[in-house]
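Here is how the chains run, residue by residue.
There are 2 protein chains.
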Amino acid sequence: MRTVYIIGVGMTKFGRFPESNVIELGRTAALNALRDAGINKKDIQVAYAGHARTGQLYNRECGVGQSILWELGISGIPISSVGNFCSSGSTALREAWMAVGTGMYDVAFAIGVEKLTGRAGKGRPLTSDGVELLTVMGFSPPIYFGNVATRHMADYGTTPEQCAMVAVKNRKNAGPNPRCQYKDPITIEEVLNSPVIVEPLTLLNCCPTTDGSAAAILCSKEVVSRYTSKPIEIAASALRSGPYKKCKDITTFGSDRMSALDAYETAGIGPEDIDFAEVHDCFTIAEIIHYEDFGFCKKGEGGRFVEEGMADMGGKLPVSPSGGLMSRGHPIGATGLAQVAEAVWQLRGVAENQVEGAKVAFTHCAGGFQDTIELGDVQSSAVTILKRGW
Amino acid sequence: MRTVYIIGVGMTKFGRFPESNVIELGRTAALNALRDAGINKKDIQVAYAGHARTGQLYNRECGVGQSILWELGISGIPISSVGNFCSSGSTALREAWMAVGTGMYDVAFAIGVEKLTGRAGKGRPLTSDGVELLTVMGFSPPIYFGNVATRHMADYGTTPEQCAMVAVKNRKNAGPNPRCQYKDPITIEEVLNSPVIVEPLTLLNCCPTTDGSAAAILCSKEVVSRYTSKPIEIAASALRSGPYKKCKDITTFGSDRMSALDAYETAGIGPEDIDFAEVHDCFTIAEIIHYEDFGFCKKGEGGRFVEEGMADMGGKLPVSPSGGLMSRGHPIGATGLAQVAEAVWQLRGVAENQVEGAKVAFTHCAGGFQDTIELGDVQSSAVTILKRGW
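Heads up: the sequence lines are chains Y and G, in that order. Sequential numbering of the first sequence, starting at 1, is according to the numbering used here. Sequential numbering of the second sequence, starting at 1, is according to the numbering used here.
Treat each hint with caution, since some may be false.
The list cannot tell twin chains apart, which means a pair is met if one copy fits it or any two copies do.
Said to hold, decoys possible - Below, computed lysine-lysine pairings styled on DSS-like, alpha-carbon distance capped at 25 Å:
| hint | residue 1 | residue 2 |
| --- | --- | --- |
| 1 | K172 | K221 |
| 2 | K42 | K387 |
| 3 | K248 | K41 |
| 4 | K248 | K172 |
| 5 | K13 | K183 |
| 6 | K387 | K183 |
| 7 | K359 | K41 |
These are computed hints drawn from the structure, not numbers from a lab. Remember, it's a predicted structure, so these values are computed and weren't measured experimentally.
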């Protein structure tokens with residue numbers, strides 16, 4: 001397929017906006033992306049909207065993209081909804097990337113949106129993936145990641161303090177980022193002493209409940225010079241769906257490893273070539289495992305990776321310079337595109353918490369637990385590698 | 001993009017299966033497609049599941065594809081859910097088509113599934129598109145199509161008898177098709193005398209409530225000879241999302257007209273080259289309007305087109321030889337792929353109600369009404385053109 005670039009990105013501020021709805025959130029992010037690209041809305045030829053579940057709130061499971069774009073005066077083009085748990089936004093980007101890659105379209109819109117406050121059925125526990133059935137049975141993501149953390153600590157000596165360091169680092173990174181839900185610095189003690197959710201995870205080891213939207217505009221190599229001299233190349237957009245049958249270790253995620261390997265291969269790079277990463281730090285232990293699964297460090301050394309400052313700004317490989325899910329928040333279908341937006345600003349050199357000279361970015365989203373949970377894997381994992389295109 | 005073929009299709013019987021669930025239905029259709037293609041499941045590289053809403057029933061909005069394929073022993077590959085109202089199945093086919101078209105994948109799975117009996121929230125009126133909000137306000141698809149029929153009758157002299165002829169024709173076509181929900185022949189009088197739903201539409205002018213699934217396996221030109229000497233070429237897979245601002249006439253659908261024009265252009269053919277069509281006969285008046293919007297006849301002549309037998313088996317252009325939505329039933333996300341499956345069997349010359357010598361097929365799905373309904377259009381329209389590939 002042909003080379004595809006990102007020419008514009010946009011976001012809303014992430015946070016709790018109970019008075020808003022998904023259409024308003026999506027419209028704001030999409031409008032920001034149009035303005036960022038400096039593109040006429042008439043140039044948009046195809047669009048994808050990623051959202052895991054909030055369509056229910058508005059009885060528009062399938063029409064979120066149509067409704068958002070209609071409000072911007074965009075209609076008539078092909079518009080589809082895509083869903084893939086926490087990777088829904090990344091999946092929207094990927095479908096837009098392939099649509100342009102085929103040669104059928106030159107300009108595509110990818111929008112991710114979710115609203116987790118004021119949800120329909122709000123008496124039910126919030127889970128990120130619509131697994132209320134399992135929730136009723138006592139299962140929810142914090143319980144899963146609590147087990148994962150316990151096992152990782154037992155097998156590799158990872159400590160609660162090392163987990164807390166992920167939260168502290170990401171909150172520090174969030175400080176200058178006006179789009180983050182939480183920006184005030186926190187200490188290791190505060191993380192350790194916050195209320196226990198599921199042992200050994202305390203509240204500040206868990207990402208918050210968030211509303212928000214993010215969007216990106218993609219275009220082909222053939223037309224990119226019409227819009228910008230500084231495009232961002234999508235060097236890879238990989239997706240895998242677990243579980244892997246051979247993955248019986250809950251301290252590693254087979255689909256994450258596979259999507260990263262796919263992305264490295266497609267982009268022709270390895271982890272040593274990455275200038276920074278935005279990973280799916282839904283829980284602090286998840287980020288530690290991502291270091292290992294993506295080859296940033298060896299298996300079992302994730303705790304030391306963060307403790308030794310490797311993932312800090314100025315470290316060997318800064319992780320989540322935007323603040324990550326822990327601080328920015330995690331409006332499910334929006335997160336993948338928010339990571340991409342933050343990465344684009346980094347690669348342009350205009351991020352609030354800038355990784356100096358960043359040329360190659362790695363972003364990762366993952367989610368979904370179902371009846372095959374005993375195998376220890378996620379139902380969707382998406383890795384995007386972005387490069388400066390100039 | 002490169003040429004893509006269909007090498008296998010499968011369906012469940014369509015009907016009311018309150019004891020089943022979407023995963024069981026999808027597994028059956030997918031397994032039938034694998035067997036039809038004679039392909040090893042390990043060859044499947046990417047998959048899309050189209051479903052408009054029934055994920056809610058099982059709290060798996062995003063994981064229907066993963067769950068269906070897991071039961072068949074397929075995991076690890078990229079799997080995404082797509083939604084687009086009544087065109088969800090067609091959208092799954094289209095994404096699979098583009099994924100293979102890019103050159104990234106050689107073999108793709110498209111699955112469509114829906115379960116409309118035993119729905120969650122079953123106290124609410126059934127609509128096809130999740131527009132309960134509008135339903136609460138008094139709007140539902142039968143009301144819309146009742147208005148459309150009234151206007152078409154006033155403007156063009158279309159008669160209730162001509163509408164009834166669509167139902168009679170499609171029921172006659174269904175007779176030999178074991179997958180149809182309703183197969184017994186009906187008369188014009190029976191259609192006219194069935195209970196009024198919304199004037200002038202009686203019960204037998206409306207498609208039924210149905211559960212079912214359909215699937216297709218696609219592959220690239222490069223590998224097709226490994227699987228079959230009689231592949232079916234996807235000559236076009238077009239999608240448009242209304243509304244068109246200039247479309248203020250409710251007796252025509254702008255997005256339908258545009259998706260058909262796109263498909264004709266991509267396939268390099270016109271309506272005169274089509275051997276048969278499977279159209280979205282959700283209501284009899286819809287089929288009559290589709291004749292006009294797709295260029296099978298002139299505007300306003302749809303009623304005469306069916307009355308004069310043009311759409312009959314052996315007529316100028318047989319429409320819905322499978323029985324259509326009216327008789328086969330309309331499990332939303334499954335319908336687009338059911339049309340494709342029926343068309344593939346026609347092009348292979350093995351359909352139960354065979355169009356002799358059929359070489360070119362036209363299939364069409366459409367759906368979705370939202371807050372822009374006053375403009376008279378649908379939110380998604382998908383047209384697929386299939387050709388014998390030998």
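Do the hints match the structure? See the list:
1. Within a single copy, K172 and K221 get their C-alpha atoms no closer than 37 Å, and across copies no closer than 52 Å, so neither meets the 25 Å cut-off.
2. In this assembly of identical chains, K42 and K387 lie within 25 Å of each other by CA distance neither inside one copy nor across copies; the values are 27 Å within and 33 Å between.
3. Taking identical chains as interchangeable, the C-alpha atoms of K248 and K41 lie at most 25 Å apart only when they sit on different chains, with a minimum of 22 Å there against 48 Å within one chain.
4. When the C-alpha separation of K248 and K172 is checked against a cutoff of 25 Å, the pair qualifies neither within a copy, at 35 Å, nor between copies, at 54 Å.
5. In this homomeric assembly, K13 and K183 come within 25 Å of each other (Cα to Cα) only inside a single copy, at 12 Å, whereas the closest approach across copies is 55 Å.
6. Within a single copy, K387 and K183 get their C-alpha atoms no closer than 28 Å, and across copies no closer than 58 Å, so neither meets the 25 Å cut-off.
7. For a Cα distance limit of 25 Å, the shortest separation of K359 from K41 qualifies neither inside one copy, at 29 Å, nor across copies, at 40 Å.
The structure shown violates the earlier hints numbered 1, 2, 4, 6 and 7.
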